[in-house]
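The primary structure of each chain is shown beneath.
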Amino acid sequence: MRAVQTDPEIYELEQRVVHHAKAFERTLPEMRFFILDSLEFMSLLEKYVYPVSPLNIWEGKRMVTRKHRVETGQEASIYYEVVQTGNPSYAYLNSTNSPMMQASVMAHVVGHCEFSELNVLKDSNPDRTEWVIYLSRKVDRARQQMGEINYSQFWNACESFVPLIAPHSQFNLARTVETETARQQETDTYVSEDKPVPRLTPSFGTLDSLMRNVSPETTWQKEMQAKQRQETISRTGFKLKAPCQDIMGFLCRHAPASQSERAVLDYIYSVHSTHDFVIRTQIMNEGWAMYWEKKIMTELFKEQSVKGIIDYARVFSGVCYPRPYYMRNPYHLGFYLWTHIEELYRDGKVSLDFHEETSQDVKDHWKRPSTKTPMQQMEHLVKTVTDYEFLRRFLTPELVHEFHLNRFSKRQAQQLRIPPDSIVQEDRYNVWIDPEPIKNEMLNFFTHFHRPRIYLIDTDFQDGGLLLYHRDDGRRLRKDWIKPTLKNLNLIWKAPVYLISRNWLYSFSANLFKETVVTAVRFESILERMRNSEKPFRI
Amino acid sequence: MYVTDQINSSESEGAFNEFVEEQLENLVDAILTEGDLENFGERGSDILVEMDDIVAPTFVYGDEGEGGGGSGGGGPGSGGGKIRFNVPFQYLMERVARSLKLPRLVKQGHGKIKEVSYEFKTFAPSGIVLDKKRTFKRALRTSIGMDLYAPHEERYEFQFMRRDRRFKVPERVEKPRFKAVVFYMGDISYSTYGERLRLEKRLVNFIQNWIDYNYGAKNVDHRFFVHDAEAYEVQAEQFYQVGNSGGTHAAPVHQLIHRIATNEYDPASTNFYGFYFGDGELFDDDAKEIVKILEEHLRPIFNRIGVIEVQPGRLSLLNRQIATQFYRDSIIRLGELNDKLETIEVIKTLFAEH
Numbered sequence: 001m002r003a004v005q006t007d008p009e010i011y012e013l014e015q016r017v018v019h020h021a022k023a024f025e026r027t028l029p030e031m032r033f034f035i036l037d038s039l040e041f042m043s044l045l046e047k048y049v050y051p052v053s054p055l056n057i058w059e060g061k062r063m064v065t066r067k068h069r070v071e072t073g074q075e076a077s078i079y080y081e082v083v084q085t086g087n088p089s090y091a092y093l094n095s096t097n098s099p100m101m102q103a104s105v106m107a108h109v110v111g112h113c114e115f116s117e118l119n120v121l122k123d124s125n126p127d128r129t130e131w132v133i134y135l136s137r138k139v140d141r142a143r144q145q146m147g148e149i150n151y152s153q154f155w156n157a158c159e160s161f162v163p164l165i166a167p168h169s170q171f172n173l174a175r176t177v178e179t180e181t182a183r184q185q186e187t188d189t190y191v192s193e194d195k196p197v198p199r200l201t202p203s204f205g206t207l208d209s210l211m212r213n214v215s216p217e218t219t220w221q222k223e224m225q226a227k228q229r230q231e232t233i234s235r236t237g238f239k240l241k242a243p244c245q246d247i248m249g250f251l252c253r254h255a256p257a258s259q260s261e262r263a264v265l266d267y268i269y270s271v272h273s274t275h276d277f278v279i280r281t282q283i284m285n286e287g288w289a290m291y292w293e294k295k296i297m298t299e300l301f302k303e304q305s306v307k308g309i310i311d312y313a314r315v316f317s318g319v320c321y322p323r324p325y326y327m328r329n330p331y332h333l334g335f336y337l338w339t340h341i342e343e344l345y346r347d348g349k350v351s352l353d354f355h356e357e358t359s360q361d362v363k364d365h366w367k368r369p370s371t372k373t374p375m376q377q378m379e380h381l382v383k384t385v386t387d388y389e390f391l392r393r394f395l396t397p398e399l400v401h402e403f404h405l406n407r408f409s410k411r412q413a414q415q416l417r418i419p420p421d422s423i424v425q426e427d428r429y430n431v432w433i434d435p436e437p438i439k440n441e442m443l444n445f446f447t448h449f450h451r452p453r454i455y456l457i458d459t460d461f462q463d464g465g466l467l468l469y470h471r472d473d474g475r476r477l478r479k480d481w482i483k484p485t486l487k488n489l490n491l492i493w494k495a496p497v498y499l500i501s502r503n504w505l506y507s508f509s510a511n512l513f514k515e516t517v518v519t520a521v522r523f524e525s526i527l528e529r530m531r532n533s534e535k536p537f538r539i
Numbered sequence: 540m541y542v543t544d545q546i547n548s549s550e551s552e553g554a555f556n557e558f559v560e561e562q563l564e565n566l567v568d569a570i571l572t573e574g575d576l577e578n579f580g581e582r583g584s585d586i587l588v589e590m591d592d593i594v595a596p597t598f599v600y601g602d603e604g605e606g607g608g609g610s611g612g613g614g615p616g617s618g619g620g621k622i623r624f625n626v627p628f629q630y631l632m633e634r635v636a637r638s639l640k641l642p643r644l645v646k647q648g649h650g651k652i653k654e655v656s657y658e659f660k661t662f663a664p665s666g667i668v669l670d671k672k673r674t675f676k677r678a679l680r681t682s683i684g685m686d687l688y689a690p691h692e693e694r695y696e697f698q699f700m701r702r703d704r705r706f707k708v709p710e711r712v713e714k715p716r717f718k719a720v721v722f723y724m725g726d727i728s729y730s731t732y733g734e735r736l737r738l739e740k741r742l743v744n745f746i747q748n749w750i751d752y753n754y755g756a757k758n759v760d761h762r763f764f765v766h767d768a769e770a771y772e773v774q775a776e777q778f779y780q781v782g783n784s785g786g787t788h789a790a791p792v793h794q795l796i797h798r799i800a801t802n803e804y805d806p807a808s809t810n811f812y813g814f815y816f817g818d819g820e821l822f823d824d825d826a827k828e829i830v831k832i833l834e835e836h837l838r839p840i841f842n843r844i845g846v847i848e849v850q851p852g853r854l855s856l857l858n859r860q861i862a863t864q865f866y867r868d869s870i871i872r873l874g875e876l877n878d879k880l881e882t883i884e885v886i887k888t889l890f891a892e893h
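If you read the protein sequences in the order shown, they are chains A and B.
Counting in the numbering used here, the first sequence runs from 1 upward without gaps.
Counting in the numbering used here, the second sequence runs from 540 upward without gaps.
Misleading hints may appear alongside valid ones.
As the list claims (entries may be wrong) - Keeping only pairs whose Cα atoms sit at most 20 angstroms apart, straight-line, the calculated EDC-like set for lysine to aspartate or glutamate is:
(1) A:K483 / B:D591
(2) A:K67 / B:E560
(3) A:K138 / A:E148
(4) A:K479 / B:D592
Claimed, not checked - One-sided and incomplete, this derived list gives chain A residues near chain B with beta-carbon spacing under 7 angstroms:
(5) M1
(6) I57
(7) V64
(8) P163
FYI, nobody ran anything at the bench for these hints, they're computed from the structure.
These figures come from a predicted structure and were not determined experimentally.
Note that the Cβ used here is the ideal one computed from N, Cα and C, for glycine as well.
Let's have the full structure, built from the sequences with the hints guiding it.
Listed below in structure tokens is the structure:
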């Protein structure tokens, strides 16, 4: 690994890219570029884009597999762009790329870094890479303290809960777990269904206070709830007030772990927690990066800082090649959607007037630019929404068809058994299906991300047990993996652990796995009970 | 972070490789304990080892039953999938040697002497084996030249002239003499089928691999002989075929390999190995004759001779008879193979140091 300054040509290009980014008034953190060889690149990817990582066999396995795939030609070893955002951001260039490719990578990185700075999820944080390097060293020390066997056992157990990291979920730690230090934080978007209490007139006398119409039962309940909450927090340091989806985050903070174990938990959580941001903003983020990459590259070609515009066009069209909606090519969809949105803003089509206009002819010739520039409005969008809202607002059936998100090769159509009556267009190689339902299909992804939704609902189930809940969406959990996963959870929580899935209660305690039939309980009921400070589930 | 740092995963790769080696060690142990030597595959080829893939168990959708469940806690879990490794033959045999504490076989001779054989590589106007295709081509050319065969004039006469005949002629080929020759002798008169056959096959497979490993596959000549009342050489695949002849006379096969060893090879520069497989139920004089052949002819020139009674019966006497003369002999080793689990013990008997 070497700094970009060691290569005068690439360094010059970096200067030009940053110059144009600033000329376009981009909001950028400090960006540090490094040049890596192919092997370093592979390794970096397996370390989740951090330069160091503690010893673990999972990384080893991925690395061995990747090397084998590259050696046997199953995978190309060319990786174009890898960036760890944050402030400073660290971007890595592959030494085998041409100067033109390096320039395009740097321009692309500009887009990612800015998106990370601006986006509503506030992904960018100071010294992220440095923090992970520090944690990595801490884990190295922890390994010495724990001994190899305990260390690998604990790490392996933690790996089971990497998919249960959800810092940006509606049910994240901040909204679901009350602690002494964070009692006053935002709860959730729940709106009380109780009738509004009539505003009381100001009273100054004892008699007025006594005459106030307050039911003693309600007062008693509120007092008891407050007392219970206070006691729980005093005893355990936290209280669960709603189902928590960020289970790994919870374990990281509240599992009864030694310092060494906590170091491992912290490291794994820190390294993987950014994936939640990526998955929730991938289309916007990649689209934004492609958009700025193209703008900056056009400037570089104009001033002849780089050559090879044909090659660039070839690579760009390859990256932005349309794929069917379920394959999700975020570069393609994001880029074209941003370009489309820019046009909408330019013509003032994102407005109530346009929306309420009934004449199609007027709409077709609509040109009423807003006082804000399209770019200001696009930036506002970046600052306020994520992929779900982005698609919900702007993706229309017409765009689905225009972007070929509903296009399948005939072979794919045959494999997917697409019924002939849903085909709306056909040529020699491809078929286009009805674009109407596709938007909803794409939006559904954001409710579950193709993963089971698991929540932590009780931390004191049957005297200190941890109770997880699987929110049923019609699909069963893989049964033979429940036991080992609970076993791993038991290793971390060091007390009995339970899982409710449909009408089954699975438990793991003292090396004993049990399955019990129980009455299935709906997620909404659990939510309601927890709001009322009741036990969410009783046998 | 220092800009001169090298990003690498070598430590983690090492940890993973160690883990795999551990698994492999267990696998080899299991193979050796169970005697499942057929897993060793074809001679000298890499061995495809399959083990449960390591995947962290987690809550996922899907049906169970795709392989074993994850292990949880103690180590990486099994995700139901498999990971496959191509284990080099050399590597596996080294592990086997280490596990069984087998010494390397002593190499003698250098294969300087060339062995002569004849292969049909050339053609001539006289000989024994007529090459029909070449002869026809030449005859056609002659017929056209003599204007006998002219399809455009609707003349289709065709003559075979004596001089058009072409014969395949053997050519003398010299090859370097093998550094090691292994003679496998099997009794096909007894009921060699089912479990007996499997036991024998497994052991022969291991011996082939072991000697290939010691001398290098290219330097070993494996030759197979069977006998009932008579002895003859067969191809490897015919070695396991069941004969149906009545009598059993094992001495001739020992005589035969002695003849071949001395006539076709240079005993001074070749390493001879001989392994006899049978139920040991022979006539008394036959066994005595074998002992005599072993003592006078084979033992002086062979590196190792193994006599293995496969599932011997009450009347089996061959090993008993040989043991009277060669008890705990360094060259002549006697083994008894009753079931799969004894295979490893027999291997140790055959190849371990005395």
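Against the structure, the hints:
Annotation: proposed proximity of A:K483 to B:D591 holds, straight-line Cα distance about 18 angstroms (limit 20 angstroms). Restraint check: the Cα-Cα separation between A:K67 and B:E560 comes to about 18 angstroms, which is no more than 20 angstroms; the hinted pair holds. With a CA separation close to 15 angstroms, the supplied pair A:K138 and A:E148 stays within the 20 angstroms bound. Restraint check for A:K479 and B:D592: satisfied, since their Cα atoms lie roughly 18 angstroms apart, inside the 20 angstroms limit.
For A:M1, the interface hint holds, since its Cβ comes within 7 angstroms of a Cβ in chain B; the closest pair sits about 5 angstroms apart. With a cut of 7 angstroms, the hint placing A:I57 at the interface with chain B holds, because the nearest CB-to-CB distance is about 4 angstroms. Nearest Cβ of chain B to the Cβ of A:V64: about 6 angstroms, under the 7 angstroms cut. The hint holds. At a threshold of 7 angstroms, the smallest CB-CB gap from A:P163 to chain B is about 5 angstroms, leaving the interface hint in force.
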